[in-house]
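Asker: Here's the letter readout for the chains.
Protein chains: 2
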Amino acid sequence: MKKIQAGAISVLLFTIAVSSYAADPLPSWNDGPSKNAIVSFVKDVTSKRSDTYVPPAERIAVFDNDGTLWAEQPLYFQFIFAMDRVKALAPQHPEWQTTDPFKSVLSNDLHGVLAGGNEGLVKLLAATHTGVSAEEFDAVVHDWLKTARHPTSKRPYTDMIYQPMLEVLQYLRKNGFKTFIVSGGNLEFMRPWAEAVYGIPPEQVIGSHFGGKFEARGDGFVVVQSPDSFFLDDGPGKPVGIHTHIGRRPTMAFGNSDGDMQMIQYTTSGPGLRFGLIVHHTDATREWAYDRTSSIGKLDKEIDEATTRGWTEVDMKAEWSRNYPEPAAK
Amino acid sequence: MKKIQAGAISVLLFTIAVSSYAADPLPSWNDGPSKNAIVSFVKDVTSKRSDTYVPPAERIAVFDNDGTLWAEQPLYFQFIFAMDRVKALAPQHPEWQTTDPFKSVLSNDLHGVLAGGNEGLVKLLAATHTGVSAEEFDAVVHDWLKTARHPTSKRPYTDMIYQPMLEVLQYLRKNGFKTFIVSGGNLEFMRPWAEAVYGIPPEQVIGSHFGGKFEARGDGFVVVQSPDSFFLDDGPGKPVGIHTHIGRRPTMAFGNSDGDMQMIQYTTSGPGLRFGLIVHHTDATREWAYDRTSSIGKLDKEIDEATTRGWTEVDMKAEWSRNYPEPAAK
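Read top to bottom, the protein sequences are chains A and B. Here our numbering is used: position 307 in the first sequence is 307, and no number is missing along the way. For any residue, its number in our numbering is found by taking its place in the second sequence, counting from 1, and adding 1000.
Since the hints were derived computationally from the structure, they do not count as laboratory data. Even for Gly, the Cβ is constructed at its ideal location relative to N, Cα and C. Check each hint, because a few of them may be wrong.
No more than 27 Å apart at the CA atoms, straight line, and that leaves these computed lysine-lysine pairs for DSSO-like [said to hold, decoys possible]:
no., chain 1, residue 1, chain 2, residue 2
1, A, Lys87, A, Lys43
2, A, Lys154, A, Lys317
3, A, Lys48, A, Lys174
4, A, Lys48, B, Lys1174
5, A, Lys174, B, Lys1048
6, A, Lys174, A, Lys43
7, A, Lys174, A, Lys154
8, A, Lys301, B, Lys1213
9, B, Lys1048, B, Lys1213
10, A, Lys213, B, Lys1087
11, A, Lys154, A, Lys87
12, B, Lys1154, A, Lys174
13, A, Lys123, B, Lys1146
14, B, Lys1146, B, Lys1174
15, A, Lys301, A, Lys317
16, B, Lys1298, A, Lys213
17, B, Lys1103, B, Lys1123
18, B, Lys1213, A, Lys298
19, B, Lys1087, B, Lys1048
20, A, Lys87, A, Lys213
21, B, Lys1043, B, Lys1154
22, B, Lys1317, B, Lys1043
23, B, Lys1174, B, Lys1087
24, A, Lys213, B, Lys1154
25, B, Lys1213, A, Lys213
26, B, Lys1317, B, Lys1298
If you only want the chain B side, here are some residues facing chain A, beta carbon under 7 Å, derived [claimed, not checked]:
no., residue
27, Ser1050
28, Thr1052
29, Pro1202
30, Gly1212
31, Gly1218
32, Gly1220
33, Phe1221
34, Val1223
35, Pro1239
36, Val1240
37, Ile1246
38, Arg1248
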């Protein structure tokens, strides 16, 4: 009995080994400098005979989320979620009719919402992301995703993920990398769906987050998200989040905007071979084209830094044969 | 060529499968209620035909460190490290000769050190754990471990780890669990050695920690530990640390003192089958016997909670056939 089982496993292993060598690991990437750079870097750090070999335990790859793994226009999707949540909660908060940023959200006045700056934004996040247990918030995010549709594409938000980046995630994991999200978005917003959509488990999602409070509820206990503190995992906060959460300097880092610059600087200034990549949104037809002057996903300082330091810059229009995965058959 | 390789792998898998079933996975545990409870729980959650099956991705086991994975008497080892570090840094800090808690440390007056309470302790930690980059601190911890010896056993601190718990860690990992440390100790103190000693990688070490600051250094960039904030991963902080870092409720939790109570409450009040265990230090001959009145590793409220809620309580003296691993051959 055991013999037969072992034999079956060997056939399976043999099949996997052959197919993974035969197939193109990045089929949605056109042949070009970025695809070549990714594939040759992975060969360099995984070939045992190479001077630049990195042991599997140290193969850490970090990915920004908004604009790197999924789209971010015309507004960060979490921001749209927060505004929808204000509308859903408004009946319980009559005071929101007269106080900003809520009043502006309720009257669909985006300029008014943004006029409050970061302070207004954190108020909006605190009102919509705290006061509930982790499990309750998870359900809220799941429910929203079921019905929410993108304002122009009309697609579910989780369909607007980048197929070429999904292939990079899978390719790296096949090559022994642990893949992490390191996002300015809130981890409690991303974790409910990151595993199903990206194959990234909750414990490998790093993001901005509120504090937590341990509370008894009935016979049991929960952690309730609490507005008493806020960690901003963006810009210089990204390497700090990586230090606190991972405790190793990553081998590879992927981003798309100035908020990812410090994460890529931190990654690529470690000893040995390191890899930094920025996704440049150049595709006004299939997606959006934006960089130095965009209010969302501004890519300005980082593009100069990428040139100076030799990071890989992806020209989305030229180098990606498609953006989104095919819709799943239903 | 590939055929031969696949055949070789099948022999290897066959050998592993046979030996893992044949051997006792917990040889340093005497047959008794705790060993039975661990083994039967693991069978219940890993048997696919069981109603209580837990998929591998959700198999999370969390372990306190001090008093659970290694010894903690007569003082938490990190505290001894901090005092040694004060002595090493004292020449650069003449002001420490006249200010507490440093003055008391320098005159070996432990009562004086403890008189400062938590505030004094955080001062001591801030002075000895911040102001340096993550990489520099890692080297400081490694250097200390090389020469530091326990005051009574005269052994290196990393030899005073509990062999029975190492076996639990390995047994759980073989059964598809991810093992995490969730400690009141600082993560920057544990991470440098947790992987070599426990097989737990840095990204699975959760602990108290200071803030971080991203800084340019020469051509590169570092994260410097900074005293501007401090997260206490103890008591109610442990479930909060688990929420922020792991984002799932664990399946199993292991502790030994009142500081672990909320972690085990949080773990065991999740839906489905859950497991809580406390190590009760009952062995005054091979180790130390202490519980309700100890100033280090006080086990008082938690022992009552364990009885009420049916957690497993390990009687170290009766249930462990040995405490520490054999010294490695040199």
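Asker: If a hint holds in the structure, say so; if it does not, say that too.
Answerer: Verification of the hints:
Between the alpha carbons of Lys87 of chain A and Lys43 of chain A the distance comes to roughly 50 Å, so the proposed pair goes past 27 Å and is violated. For the given pair, Lys154 of chain A sits about 22 Å from Lys317 of chain A by alpha-carbon distance, which is consistent with the 27 Å threshold. Restraint check for Lys48 of chain A and Lys174 of chain A: the C-alpha separation of about 16 Å stays at or below 27 Å, so the hint holds. Annotation: proposed proximity of Lys48 of chain A to Lys1174 of chain B holds, straight-line Cα distance about 26 Å (limit 27 Å).
Of the supplied pair hints, the one linking Lys174 of chain A and Lys1048 of chain B holds, its CA atoms being roughly 26 Å apart against a limit of 27 Å. Between Lys174 of chain A and Lys43 of chain A, the direct Cα distance comes to roughly 12 Å. Compliance with the 27 Å bound is thereby established for this hinted pair. In summary, the hint linking Lys174 of chain A to Lys154 of chain A is not supported, as the alpha carbons are separated by about 33 Å, beyond the 27 Å threshold. Simply put, Lys301 of chain A and Lys1213 of chain B have alpha-carbon atoms about 20 Å apart, close enough for the 27 Å limit, and the pair holds.
The suggested pairing of Lys1048 of chain B with Lys1213 of chain B is violated, with an alpha-carbon distance near 47 Å, which exceeds 27 Å. Taking the CA atoms of Lys213 of chain A and Lys1087 of chain B, the gap is near 37 Å; set against the 27 Å cutoff, the hint is violated. With a C-alpha separation of about 20 Å, the suggested pairing of Lys154 of chain A with Lys87 of chain A holds against the 27 Å cut-off. Restraint check for Lys1154 of chain B and Lys174 of chain A: not satisfied, since their Cα atoms lie roughly 45 Å apart, outside the 27 Å limit.
Between Lys123 of chain A and Lys1146 of chain B the CA atoms are separated by roughly 50 Å; this puts the pair beyond 27 Å, and the hint is violated. The straight-line distance between the Cα atoms of Lys1146 of chain B and Lys1174 of chain B is roughly 30 Å, outside the 27 Å bound, and the hint therefore fails. This hinted pair checks out: Lys301 of chain A and Lys317 of chain A have alpha carbons roughly 21 Å apart, not beyond 27 Å. The straight-line distance between the Cα atoms of Lys1298 of chain B and Lys213 of chain A is roughly 23 Å, inside the 27 Å bound, and the hint therefore holds.
Proximity of Lys1103 of chain B to Lys1123 of chain B is assessed by CA-CA distance (about 12 Å); at most 27 Å being required, the pair is judged to hold. Annotation: proposed proximity of Lys1213 of chain B to Lys298 of chain A holds, straight-line Cα distance about 23 Å (limit 27 Å). For the given pair, Lys1087 of chain B sits about 56 Å from Lys1048 of chain B by alpha-carbon distance, which is inconsistent with the 27 Å threshold. For the suggested pair Lys87 of chain A and Lys213 of chain A, the alpha carbons sit about 26 Å apart, so the restraint of at most 27 Å is met.
Note on Lys1043 of chain B and Lys1154 of chain B: the hinted pairing is violated, with a Cα-Cα distance of about 40 Å set against a maximum of 27 Å. For the suggested pair Lys1317 of chain B and Lys1043 of chain B, the alpha carbons sit about 26 Å apart, so the restraint of at most 27 Å is met. Between Lys1174 of chain B and Lys1087 of chain B the CA atoms are separated by roughly 43 Å; this puts the pair beyond 27 Å, and the hint is violated. For the suggested pair Lys213 of chain A and Lys1154 of chain B, the alpha carbons sit about 41 Å apart, so the restraint of at most 27 Å is broken.
As the CA atoms of Lys1213 of chain B and Lys213 of chain A are separated by approximately 25 Å, the hinted pair is consistent with the 27 Å bound. With a C-alpha separation of about 18 Å, the suggested pairing of Lys1317 of chain B with Lys1298 of chain B holds against the 27 Å cut-off. At a threshold of 7 Å, the smallest CB-CB gap from Ser1050 of chain B to chain A is about 20 Å, leaving the interface hint violated. The criterion of a C-beta within 7 Å of any C-beta in chain A is not met by Thr1052 of chain B, whose closest approach is roughly 18 Å, and the hint is violated.
The restraint placing Pro1202 of chain B at the interface with chain A holds, with a minimum CB-CB distance near 3 Å, inside the 7 Å limit. Interface hint status for Gly1212 of chain B: upheld, as the beta-carbon distance to the closest one in chain A is roughly 4 Å, under 7 Å. Because the smallest distance between the Cβ of Gly1218 of chain B and any Cβ of chain A comes to about 9 Å, over 7 Å, the interface hint for this residue is violated. At its closest, the beta carbon of Gly1220 of chain B sits 3 Å from a beta carbon of chain A; the interface hint therefore holds under the 7 Å criterion.
A distance limit of 7 Å between C-beta atoms decides the matter here; for Phe1221 of chain B the minimum to chain A is near 5 Å, and the interface restraint holds. Hint status for Val1223 of chain B: holds, given a least beta-carbon distance of 4 Å to chain A, under 7 Å. Hint status for Pro1239 of chain B relative to chain A: holds, with the closest Cβ pair at about 5 Å, below 7 Å. A cut of 7 Å between beta carbons decides the hint on Val1240 of chain B: the least distance to chain A is about 4 Å, and the hint holds.
Taking 7 Å as the C-beta contact cut-off toward chain A, the hint placing Ile1246 of chain B at the interface holds, the least distance being around 5 Å. Hint on Arg1248 of chain B holds. Least Cβ distance to chain A is approximately 5 Å, under the 7 Å limit.
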